[in-house]
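K.L.:
Construct all of the structure, not just a fragment, from the sequences and the given hints.
Spelled out from the first residue to the last, the chains are:
2 protein chains.
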Amino acid sequence: MLDPDASSTLIARMGALARTAAATLAISPDAQRAAALSQAAEAIRAARDTILAANAADVARAQAAGLSGAMLDRLRLDDARVAGIAAGVAAVAALPDPLGRVIDASTRPNGLALSRVRVPIGVIGIVYESRPNVTADAAALCVRAGNAVILRGGSEAIESNRAIHAAMVDGLAAAGLPADAVQLVPTTDRAAVGAMLAADGLIDLIIPRGGKSLVARVQAEARVPVLAHLDGINHVYVHASADAEMARAIVLDAKMRRTGICGAMETLLIDRDFADPVMLVEALQHAGCEVRGDPVEASIGEIVKPADPTDWDTEYLDAICSVALVDGVDAALAHVARHGSGHTDAIVAADEGVAEHFLARCDSAIVLWNASTQFADGGEFGLGAEIGIATGRLHARGPVALEGLTTYKWIGRGTGQVRG
Amino acid sequence: MLDPDASSTLIARMGALARTAAATLAISPDAQRAAALSQAAEAIRAARDTILAANAADVARAQAAGLSGAMLDRLRLDDARVAGIAAGVAAVAALPDPLGRVIDASTRPNGLALSRVRVPIGVIGIVYESRPNVTADAAALCVRAGNAVILRGGSEAIESNRAIHAAMVDGLAAAGLPADAVQLVPTTDRAAVGAMLAADGLIDLIIPRGGKSLVARVQAEARVPVLAHLDGINHVYVHASADAEMARAIVLDAKMRRTGICGAMETLLIDRDFADPVMLVEALQHAGCEVRGDPVEASIGEIVKPADPTDWDTEYLDAICSVALVDGVDAALAHVARHGSGHTDAIVAADEGVAEHFLARCDSAIVLWNASTQFADGGEFGLGAEIGIATGRLHARGPVALEGLTTYKWIGRGTGQVRG
Numbered sequence: 001m002l003d004p005d006a007s008s009t010l011i012a013r014m015g016a017l018a019r020t021a022a023a024t025l026a027i028s029p030d031a032q033r034a035a036a037l038s039q040a041a042e043a044i045r046a047a048r049d050t051i052l053a054a055n056a057a058d059v060a061r062a063q064a065a066g067l068s069g070a071m072l073d074r075l076r077l078d079d080a081r082v083a084g085i086a087a088g089v090a091a092v093a094a095l096p097d098p099l100g101r102v103i104d105a106s107t108r109p110n111g112l113a114l115s116r117v118r119v120p121i122g123v124i125g126i127v128y129e130s131r132p133n134v135t136a137d138a139a140a141l142c143v144r145a146g147n148a149v150i151l152r153g154g155s156e157a158i159e160s161n162r163a164i165h166a167a168m169v170d171g172l173a174a175a176g177l178p179a180d181a182v183q184l185v186p187t188t189d190r191a192a193v194g195a196m197l198a199a200d201g202l203i204d205l206i207i208p209r210g211g212k213s214l215v216a217r218v219q220a221e222a223r224v225p226v227l228a229h230l231d232g233i234n235h236v237y238v239h240a241s242a243d244a245e246m247a248r249a250i251v252l253d254a255k256m257r258r259t260g261i262c263g264a265m266e267t268l269l270i271d272r273d274f275a276d277p278v279m280l281v282e283a284l285q286h287a288g289c290e291v292r293g294d295p296v297e298a299s300i301g302e303i304v305k306p307a308d309p310t311d312w313d314t315e316y317l318d319a320i321c322s323v324a325l326v327d328g329v330d331a332a333l334a335h336v337a338r339h340g341s342g343h344t345d346a347i348v349a350a351d352e353g354v355a356e357h358f359l360a361r362c363d364s365a366i367v368l369w370n371a372s373t374q375f376a377d378g379g380e381f382g383l384g385a386e387i388g389i390a391t392g393r394l395h396a397r398g399p400v401a402l403e404g405l406t407t408y409k410w411i412g413r414g415t416g417q418v419r420g
Numbered sequence: 001m002l003d004p005d006a007s008s009t010l011i012a013r014m015g016a017l018a019r020t021a022a023a024t025l026a027i028s029p030d031a032q033r034a035a036a037l038s039q040a041a042e043a044i045r046a047a048r049d050t051i052l053a054a055n056a057a058d059v060a061r062a063q064a065a066g067l068s069g070a071m072l073d074r075l076r077l078d079d080a081r082v083a084g085i086a087a088g089v090a091a092v093a094a095l096p097d098p099l100g101r102v103i104d105a106s107t108r109p110n111g112l113a114l115s116r117v118r119v120p121i122g123v124i125g126i127v128y129e130s131r132p133n134v135t136a137d138a139a140a141l142c143v144r145a146g147n148a149v150i151l152r153g154g155s156e157a158i159e160s161n162r163a164i165h166a167a168m169v170d171g172l173a174a175a176g177l178p179a180d181a182v183q184l185v186p187t188t189d190r191a192a193v194g195a196m197l198a199a200d201g202l203i204d205l206i207i208p209r210g211g212k213s214l215v216a217r218v219q220a221e222a223r224v225p226v227l228a229h230l231d232g233i234n235h236v237y238v239h240a241s242a243d244a245e246m247a248r249a250i251v252l253d254a255k256m257r258r259t260g261i262c263g264a265m266e267t268l269l270i271d272r273d274f275a276d277p278v279m280l281v282e283a284l285q286h287a288g289c290e291v292r293g294d295p296v297e298a299s300i301g302e303i304v305k306p307a308d309p310t311d312w313d314t315e316y317l318d319a320i321c322s323v324a325l326v327d328g329v330d331a332a333l334a335h336v337a338r339h340g341s342g343h344t345d346a347i348v349a350a351d352e353g354v355a356e357h358f359l360a361r362c363d364s365a366i367v368l369w370n371a372s373t374q375f376a377d378g379g380e381f382g383l384g385a386e387i388g389i390a391t392g393r394l395h396a397r398g399p400v401a402l403e404g405l406t407t408y409k410w411i412g413r414g415t416g417q418v419r420g
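Top to bottom, those sequences are chains A and B. Quick note: the first sequence uses the numbering used here, first residue 1, plus one each step. Quick note: the second sequence uses the numbering used here, first residue 1, plus one each step.
To be clear, the hints were calculated from the coordinates, so they are not data collected in a lab. One or more hints might be untrue.
[As the list claims (entries may be wrong)] Okay, the calculated bits of chain A under chain B, using three or more residues with CB under 8 Å as the criterion:
no., segment
1, 78-92
2, 372-381
3, 393-400
Note that this is a predicted model, so its numbers are computed, not measured. Here a beta-carbon is modelled for each residue, glycine too, at the ideal position from N, C-alpha and C.
P.N.:
Set out below in structure tokens:
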């Protein structure tokens, strides 16, 4: 294991190289950054056999180390997955340039012409786990937005990541952009992550991609700003005015379409005045979902498993759902405020006044009316991709894509103005 | 002195009250928040004698403690200053509402209508020093943007701050808004600042207002996001094509209009091809500025004081200026990148191509062409006020006013959409 000083030295050196590369990227033409990613997509396709061989070595090592089925599945690549990685990079190449956009402009009474213009953030650190596709996805988004990126993937995927990283660098080189714009931390030493989290001034933003323990560690240790979400404890509130069939469809989709994603519903809130709460609970159960609730509830108490108090604060990421009956929209909002994680919450209601009451008051990154929480996704929101979903309150909230990987600067053009 | 636990308990209690108040403010009508500030301005005017008496007690205590002239001046209020504080609060009341604005909106192919809407950040902590006007200025901006605020002013101004805080609370009460929207930390214990900086989850954003040692402590210790600038090591680069008279006027204003503000020029970069560097140095010297430079420079070496290497990294905040001769715009940019603080940098040039080259490549929060760096101010930028100037790269850069005190949420209005 590297000692902390060696890790700091490594990250400082990578950070300095990244800063220099970032300055070049920041003034590179749109077409050059797009070309680098198109070329990188081609390079990934061309390197398919190399990438699969590297991945096979990772998988073999992981199996020997006794990795579980789900983790192995996240690690494993095949022809289709490599093609998907290349297609993802090509899709980012095709997105509109986020740089140079004028946010607003004005001419002051003294004639000074001011504008706020989108520029890159600078150097972004990505800390991730076993999915090798993040190497390409995250690098592509960072480069498209003019940023240099330092990637630190999971040790179990190191060979796969190296092979994909080499293809990304080939793309940069083919387009005449500096290779240091996309760097992969060469060591699998955990101390390197600590050095990245402490690299205030070298790295401008850290984005963790992975499970809750990774995100929690990053949030707890980082001295660098972090864009992330820890939990997705998402609610669907079914109001008394809800159309029963719409409520059933949304609840089923929000919970059961995919249970392991951060946008999945974890708690169902049913208004006491809703006509048929049993129907909703049974629909979930028939779909294979365990439903936990208060056994003393007259309507649903007999058909649910007893919930304990921790259930309301639990992100199951599984075919399990907690359900509570609430007295009206304000009680639903109070439950969400107390137990939610500020990710994605939804109301199902025909009453527009109640829906707008909920939309205005629910303080989550994403608030939906008559739609499934599983729409919480950059692609579904029309962003073309996403680097992650943020539940912090500054800079960017909800799905973060290219715009969230930029900042702005003020440019003032004068004719000799002095303040006097 | 309170022990850390007592401070944490105090801040946790204040934070919980602030969170509740923030929820009310977030949905309060524009007119109500504006009225609260208009009423607070009136209350400050009505309490003038009380405020001045409280301030006299602070000043007497500070004098007895041996406070210096500049610090006493920052602390001392008089009729005109109290009137100015009230006028500042009234001016914020008159600013347009930053909440509810739609940043962008789209309807997805599935019919889901998405929008990003400006909402408050939540609970903001202000840590400041001896200027009592910050109590009113910062509170007014936070409330206008729908946030609750926890104020922690300097111990030397505690009586003045209490009197001004009481008037702010009167304004809130008169408009029917919760008093807890503006809270003043009741203790002058330094441990309370530490508790605020550690209050992740209770306080959403910390803004330090004061000298460099305060800002440095906040940036070093905070577990809560911080909006601030540490230094304003600002440059004016005079290109060979610059009009000599315009360059003289801008250099003089940038350095000497006010030497103690963060937008003041600290280093003058003169192109070796500029016709008359001596004229610029002598203009500064005639205005009373000490000029430090390289004594071996053929043109200006004999008239400057010798600079040492630390001069290029020094924010003098005084009538002192470092000057360097550089070989062209890229050398100027390299000097700024190496020694600047990312605050405000300017070029004086008649050559538009060179100017745009500089504007595109200078990576500071504010970059100016043919204008004085002393325009770095929210009021001068048309923002109506400012809570401070930020040199971080996330969320907000340069002068921060109402928009920087908001965030956004995504609202989606559907008709039963499921992801399927």
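K.L.:
A separate judgement is required for each hint: does it hold in the structure or not?
P.N.:
Hints, verified against the model:
1. Proximity of the segment 78-92 of chain A to chain B, defined as three or more residues with a beta carbon under 8 Å from a beta carbon of that chain, is not established by the 0 residues found.
2. For the segment 372-381 of chain A, the stated coverage by chain B is satisfied: 5 residues place a CB nearer than 8 Å to a CB of that chain, which reaches the threshold of 3.
3. As drawn, the segment 393-400 of chain A meets chain B at 6 residues by the rule of a beta-carbon pair under 8 Å; at three or more, the given contact holds.
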